[in-house]
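S.K.: Next come the chains, spelled out residue by residue.
There are 2 protein chains.
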Amino acid sequence: MTSLKLRKVCIDTYHENVAYLHRNCPLYRSEGFQALSKIEITDGASRAPVIAVLNIVDDDAIIAPDELGLSEQTFAQFKTDEGSAVFVNHASPPSSLNAVRQKIAGNRLDADDFLQICEDIVNNRYSKIEIAAFLVGCAESGMERDEMLYLTQAMVKTGETLDWGEPLVVDKHCIGGIPGNRTTMVIVPIVAAHGMLMPKTSSRAITSPAGTADTMEVLAQVNLPPDKMRNVVQQHRGFIAWGGTANLAPVDDVLISVERPLAMDSKGQLVASILSKKLAAGSTHLLIDIPVGPSAKVHTQTEALRLRKLFEYVGDRAGLEIEVMISDGQQPIGNGVGPALEARDVLLVLQNDPQAPIDLREKALQMAGRILEFDPDVRGGQGYYLARDLLESGRAWEKMQAIINAQGANDEPLPPASLQHRVVAPHDGVVTAIDNLQIAHIARLAGAPMDKAAGVDLHKKLHDHVEQGEPLLTIYAEFPADFQFAKKAANENSGYSLEAPE
Amino acid sequence: MTSLKLRKVCIDTYHENVAYLHRNCPLYRSEGFQALSKIEITDGASRAPVIAVLNIVDDDAIIAPDELGLSEQTFAQFKTDEGSAVFVNHASPPSSLNAVRQKIAGNRLDADDFLQICEDIVNNRYSKIEIAAFLVGCAESGMERDEMLYLTQAMVKTGETLDWGEPLVVDKHCIGGIPGNRTTMVIVPIVAAHGMLMPKTSSRAITSPAGTADTMEVLAQVNLPPDKMRNVVQQHRGFIAWGGTANLAPVDDVLISVERPLAMDSKGQLVASILSKKLAAGSTHLLIDIPVGPSAKVHTQTEALRLRKLFEYVGDRAGLEIEVMISDGQQPIGNGVGPALEARDVLLVLQNDPQAPIDLREKALQMAGRILEFDPDVRGGQGYYLARDLLESGRAWEKMQAIINAQGANDEPLPPASLQHRVVAPHDGVVTAIDNLQIAHIARLAGAPMDKAAGVDLHKKLHDHVEQGEPLLTIYAEFPADFQFAKKAANENSGYSLEAPE
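Protein sequence lines correspond, in order, to chains U and S. One rule links them: number in my numbering = place in the first sequence (from 1) + 1043. One rule links them: number in my numbering = place in the second sequence (from 1) + 1043.
Hints are computed from structural coordinates only; laboratory data are not their basis. Warning: the hint list may mix true and false statements.
Intra- or inter-copy, both count: the list cannot distinguish identical chains.
Derived EDC-like pairs (lysine to aspartate or glutamate); straight-line CA-CA distance at most 20 Å [what the hints assert, rightly or not]:
id : residue 1 : residue 2
1  : Lys-1051  : Asp-1102
2  : Lys-1200  : Glu-1364
3  : Lys-1530  : Asp-1055
4  : Lys-1051  : Asp-1103
5  : Lys-1271  : Glu-1209
6  : Lys-1051  : Asp-1101
7  : Lys-1200  : Asp-1155
8  : Lys-1200  : Asp-1189
9  : Lys-1504  : Asp-1471
10 : Lys-1503  : Asp-1396
Whole structure, please, built from the sequences with the hints as guidance.
M.R.: If you want it as structure tokens, here you go:
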């Protein structure tokens, strides 16, 4: 077999392995390779081959005819020096693809099938096409509850897991889609002030105007190395960090990167995604919040109940104690939408400021109460009062300051961005609906979450009376172009429905 | 909006549009782009944007921070000079993706849905992920017969069509999977000698050891420009050319490039793929051959009948006169497998050589007979005898020589490749099965179709008696590495099943 010289091509191809071969490479024609063929690359030694999709290059500056190029991620996996001799072959499809075809044909898969699929995915043996086939196959014929369990367990097994060395490690998760809703940053200090262990790894926003990690970053460092996490949690019983540094349930990230552009709605995927991350993060007790509303992810009470049963079924069998609460998802929670504006709301609540948004405070207290009741010493029904006491006494705010300082505090509070525009009520009326999706859309156009000080402030909530000319919301933006886009969108549709008074 | 300078990046990304942005490009962070994001590229004028998947580059030699790179195919679509100002935006998902989600949810799509999907695909607005979702959605919940019709018509409409200006334009198609089976090259000269119009565009092998275009290329040029095709067909009533030069049903090529790696078995896709190509190629009458056998694509008579009904249903409604024959697909047809070896068999049949493989001759005569009966002047049941007469009289061979010369004859017959290995019978017996897939596999390992003279020659067919040590097949290869691979595979499994005599 002819060898080629390995070369790193400095192109970031994210979760897809890509290899580059020159069109004049003798192997190209003789082996019948073609652009988008899947190939197998080895160094001639016994280690497992790396699989990549082929791109054909016509430019010697990128690679020479006797070279094989690998994109950055692919090169990193190959763990061999540039210039080394490598060998290339047609890749056979991963053997677990048979199980995917079984799933597409409507059959059930067993635990071993899911494990093999996840192992092949985490080892980059699946192309995006094959991953999409798996996802659509699971979405369409649906997954049995046991299949969700198997997928969850397989996703945990094929990544790293954290172990905090304690029997009670609590966590919470809100099914997304509600702007504002920054309860985590109120709950963690309350729960940690009680002495419960709550090492909270959070995500950044992907399609929303702010994730908890983005919002916490307004106040403190969130990109904590594992050692730092352990230090902070030993001292303070909690932290709020970005979860992307650890390799927890990495298959989930790959599946999401393919699933998102398809905007598919797969319950099984949702359950496995959430529970695998929590299990891998070492949680033992988990509170799940399912907001229900016309513009929330879950539209009806029935749907929410069905989802609750799925979480309970899989959680029980995977060894995770689960409590599910179904909440009001008819409108955003809090006033601010965007990292800095949401951080402001969180601080107002923790500081017991009379200006604090009541809905954010109430929801956070209820959730914290449910979590506190995971403590065997807390009497059923007393969690809420305990949480309120921890908040009103200032102990939660003290705890939050300690956590912020331990993670690395930012110097200054961040004022809202300077370009500001008020959207006013076109006539007198009562607020009958606020569209979560449209509010999130306006906030993102304004620059959130990339521009931390950008976003939207809501001045009216559901059932509020408004007079013509009164402000409904304020847009904050840093850059003129974003400002124009957001204003235009808000002028076309502010997200508010007003009904004229009788 | 900030503009970037357009640059062509000489990378061949086949059917997927790829754009390259430098990591230090100011737009990269400010817009929240990410590797694998889908972006929309415009030149600021009113023409439709080009959609591409983003790769992030860390090497100034590939592109500079103020440039936007496009892969070769993407650049060609954009039709703007290098250095021009271009603008980049997040791409919204193609609107037809809603229909794909409907299909995934198990609903039926209408003609307009399929047309919009095909238009978006042909305009490169679908990523591979989205195409895979469409294919799996169609495969799993299945397509109704009307949906197959709609897809067929949409694929024809979104490409070029040929018009031969005659009321009777015949064609044939064999459902693949049977090695050898080179009937087209016998049928075309017979039918053309009768005076029927048979402009035959053929494919090259993709997963098989030889396509008709590969085999014809042993004897003549097959890469004919459209003018040349018209000249040859006007003079000789037929040709056998490669169909890849015209843009016939281009969506089919895109779908196949995504479907193949998944090795999915979708009847609707198969029917739409074959009939759209024939309709686009201007055929009015079509004979379809469905070989049935344990290692053929279609395994049972029932399955073949079901497929026949689908072809008839869609063909009738799309205005294509269809005849379906169900044939014996238990073993390869002819002796040679590989372009040169199959061309040799074809010439032996056309020259009425006593060494000619009888099965190839008989099957070609039967098919040619059915096609000749599309002629209103040929009495039902007389086609076979007419075909045999055209063959035995030498008129078919004369016609073939005229066609070869008109297309551009190759100088020399191509002898089989020089490395040769005989696989012999391990014991006395009767041949009870020949595995089409294994024979094709051995021939491909030997180098077919890239090395035209490589392949396999079969010395025994079904029900033949063999003695221990008698040759079953001969492997021909050009290169030692291929030769070793093919020998190893054949020694492990020759594809022959022998039953010892009682």
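S.K.: All the hints need checking, so say for each whether the structure fits it.
M.R.: Checked hints:
| no. | hint | in the structure |
| --- | --- | --- |
| 1 | Lys-1051 - Asp-1102 | both (15 Å within a copy, 10 Å between copies) |
| 2 | Lys-1200 - Glu-1364 | within (19 Å within a copy, 57 Å between copies) |
| 3 | Lys-1530 - Asp-1055 | neither (34 Å within a copy, 41 Å between copies) |
| 4 | Lys-1051 - Asp-1103 | both (14 Å within a copy, 14 Å between copies) |
| 5 | Lys-1271 - Glu-1209 | within (18 Å within a copy, 80 Å between copies) |
| 6 | Lys-1051 - Asp-1101 | both (17 Å within a copy, 11 Å between copies) |
| 7 | Lys-1200 - Asp-1155 | within (12 Å within a copy, 45 Å between copies) |
| 8 | Lys-1200 - Asp-1189 | within (16 Å within a copy, 45 Å between copies) |
| 9 | Lys-1504 - Asp-1471 | within (15 Å within a copy, 89 Å between copies) |
| 10 | Lys-1503 - Asp-1396 | within (19 Å within a copy, 92 Å between copies) |
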